[in-house]
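Chemist: Kindly produce the complete structure, drawing on both the sequences and the hints.
Residue numbers 17 to 400, in my numbering, belong to the letters of the sequence shown in order.
Mixed in with the good hints there might be a few duds.
Said to hold, decoys possible - Under the rule of at most 25 angstroms between Cα atoms (straight-line distance), these lysine to any residue pairs were calculated in the SDA-like manner: (1) K243 with D220; (2) K291 with I225; (3) K366 with M289; (4) K388 with E251; (5) K243 with R266; (6) K388 with R266; (7) K388 with I225; (8) K388 with M289; (9) K388 with S228; (10) K344 with I192; (11) K243 with S223; (12) K388 with G358; (13) K388 with Y286; (14) K291 with T313; (15) K167 with K243; (16) K366 with G332; (17) K344 with R365; (18) K167 with I225; (19) K291 with S376; (20) K388 with T377; (21) K366 with T312; (22) K291 with R266.
Claimed, not checked - Simulated restraints, written as ranges between beta carbons of each label pair: (23) L330 with D387: 19 to 29 angstroms; (24) E271 with F159: 26 to 36 angstroms; (25) I263 with T202: 18 to 28 angstroms; (26) N372 with G270: 39 to 49 angstroms; (27) I247 with N390: 40 to 50 angstroms.
It is worth saying that the hints were derived from the structure and are not from the lab. These figures come from a predicted structure and were not determined experimentally. C-beta: ideal position from N, C-alpha, C; glycine also.
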Amino acid sequence: MAAIIEKQHISKRRRSSSRPAKKSAGFHSGFMSQFSQKPGRAAHKKSSGFSFPLPSLKTLAVIAGTVVIALAAFNWENFNFEVREIYSFQPIENPEIAQARIVQYTTTGNPTVWNQQAEEQPAQESAAASTENENFHGSLVEFEWQQYRVKRGDSVSAIAQRHGVSVGAIIASNDIRNARRLQEGTVLRIPNIDGIPYQIQRGDNLSRIAASFNVPLEVVLDVNDIKSDNIRAGETLFIPGARMNDIDLRLSLGELFIFPLQTRRHITSYFGMRKDPISGVLQFHDGVDFRANVGTTVIAAMEGTVSVVSENWLYGKYIIISHPNGYKTLYGHLNSYNVRQGDRVARGRKIGESGNTGYSTGPHLHFGIYDKNNRLLNPLDLIN
Numbered sequence: 017m018a019a020i021i022e023k024q025h026i027s028k029r030r031r032s033s034s035r036p037a038k039k040s041a042g043f044h045s046g047f048m049s050q051f052s053q054k055p056g057r058a059a060h061k062k063s064s065g066f067s068f069p070l071p072s073l074k075t076l077a078v079i080a081g082t083v084v085i086a087l088a089a090f091n092w093e094n095f096n097f098e099v100r101e102i103y104s105f106q107p108i109e110n111p112e113i114a115q116a117r118i119v120q121y122t123t124t125g126n127p128t129v130w131n132q133q134a135e136e137q138p139a140q141e142s143a144a145a146s147t148e149n150e151n152f153h154g155s156l157v158e159f160e161w162q163q164y165r166v167k168r169g170d171s172v173s174a175i176a177q178r179h180g181v182s183v184g185a186i187i188a189s190n191d192i193r194n195a196r197r198l199q200e201g202t203v204l205r206i207p208n209i210d211g212i213p214y215q216i217q218r219g220d221n222l223s224r225i226a227a228s229f230n231v232p233l234e235v236v237l238d239v240n241d242i243k244s245d246n247i248r249a250g251e252t253l254f255i256p257g258a259r260m261n262d263i264d265l266r267l268s269l270g271e272l273f274i275f276p277l278q279t280r281r282h283i284t285s286y287f288g289m290r291k292d293p294i295s296g297v298l299q300f301h302d303g304v305d306f307r308a309n310v311g312t313t314v315i316a317a318m319e320g321t322v323s324v325v326s327e328n329w330l331y332g333k334y335i336i337i338s339h340p341n342g343y344k345t346l347y348g349h350l351n352s353y354n355v356r357q358g359d360r361v362a363r364g365r366k367i368g369e370s371g372n373t374g375y376s377t378g379p380h381l382h383f384g385i386y387d388k389n390n391r392l393l394n395p396l397d398l399i400n
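Modeler: Structural data, given as structure tokens:
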């Protein structure tokens, strides 16, 4: 394994042990030099006894200030001068505690709320994280696939919770296209640790794969029991801790698209083979028709970019929106547009109004979905 890691050019950051020297200001900083004691002028009188020149008021004030500072230096604790804890400079070994103190004061205005339990929390969390890390690495050595037969009433989320893995781990490991249609009796393979499988592509290498999922290369090697850097396109690796692509996950759960009408209407024609409503000929219907009065608000079923705003004999006035991962949605038989080609639209934004344009027998909305290969998909499998 060490040879593989070295060959993949894995580098680790070195933690610097040098710390900046602490600077302190004291009496050597020129503080006392601000005081000058210049003798004032005094009239000299003849005297037969002992005499001395009388200092000026300025000089007396300087002397008094110096005496006070000297007394404070020797008996500082007797001064009734209180420094609030939040502003005092106390050495704290753990920088997280110092940061937490500041947050505590900022949110409550009372530094005394902080207690010993709060100071112990970072240490407890660190110990828990260390234990979890040890358990994780321990489970890597024993990684294996488990089998589970779907029972009546089962759902992907319930199965995932029962086995202690994410929903994405179940979906990706079994290539589930529609998690809402899980059939009873289906045998699923479930990893005993959370993560997803990855199919090696042409040009991949282990270091690049690990980096793309933000998983240490050593972990990928351990889990898959890899002793050589010779990997082949088409082979499958299991990436522990990795998450399923958000778009694909939402697609499988039926949460990728929303209903394209602001007000839901009755379905007048489903996806698939049907008799043409005008000619009566059996033909394939490439979308779903929703009954909608002229002027009903039509919204974007998913965020994306408007790629087509046009009109033809079949769909009448129509809009096509391009979405992430190559999906496209089509909205046909519109009465009017509210967007232009190139506009970026959010999910749920108004893009037009329904109508009766094109090859149509009455007011309705034709809604179609295409994947990245321009293959038609059944919208009812994908609409939330």
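Chemist: All hints, please: hold or fail.
Modeler: Checked hints:
no., hint, verdict
1, K243 with D220, "17 angstroms, holds"
2, K291 with I225, "50 angstroms, violated"
3, K366 with M289, "30 angstroms, violated"
4, K388 with E251, "24 angstroms, holds"
5, K243 with R266, "36 angstroms, violated"
6, K388 with R266, "16 angstroms, holds"
7, K388 with I225, "23 angstroms, holds"
8, K388 with M289, "23 angstroms, holds"
9, K388 with S228, "22 angstroms, holds"
10, K344 with I192, "21 angstroms, holds"
11, K243 with S223, "14 angstroms, holds"
12, K388 with G358, "19 angstroms, holds"
13, K388 with Y286, "22 angstroms, holds"
14, K291 with T313, "28 angstroms, violated"
15, K167 with K243, "39 angstroms, violated"
16, K366 with G332, "18 angstroms, holds"
17, K344 with R365, "16 angstroms, holds"
18, K167 with I225, "35 angstroms, violated"
19, K291 with S376, "14 angstroms, holds"
20, K388 with T377, "31 angstroms, violated"
21, K366 with T312, "10 angstroms, holds"
22, K291 with R266, "33 angstroms, violated"
23, L330 with D387: 19 to 29 angstroms, "21 angstroms, holds"
24, E271 with F159: 26 to 36 angstroms, "30 angstroms, holds"
25, I263 with T202: 18 to 28 angstroms, "24 angstroms, holds"
26, N372 with G270: 39 to 49 angstroms, "30 angstroms, violated"
27, I247 with N390: 40 to 50 angstroms, "32 angstroms, violated"
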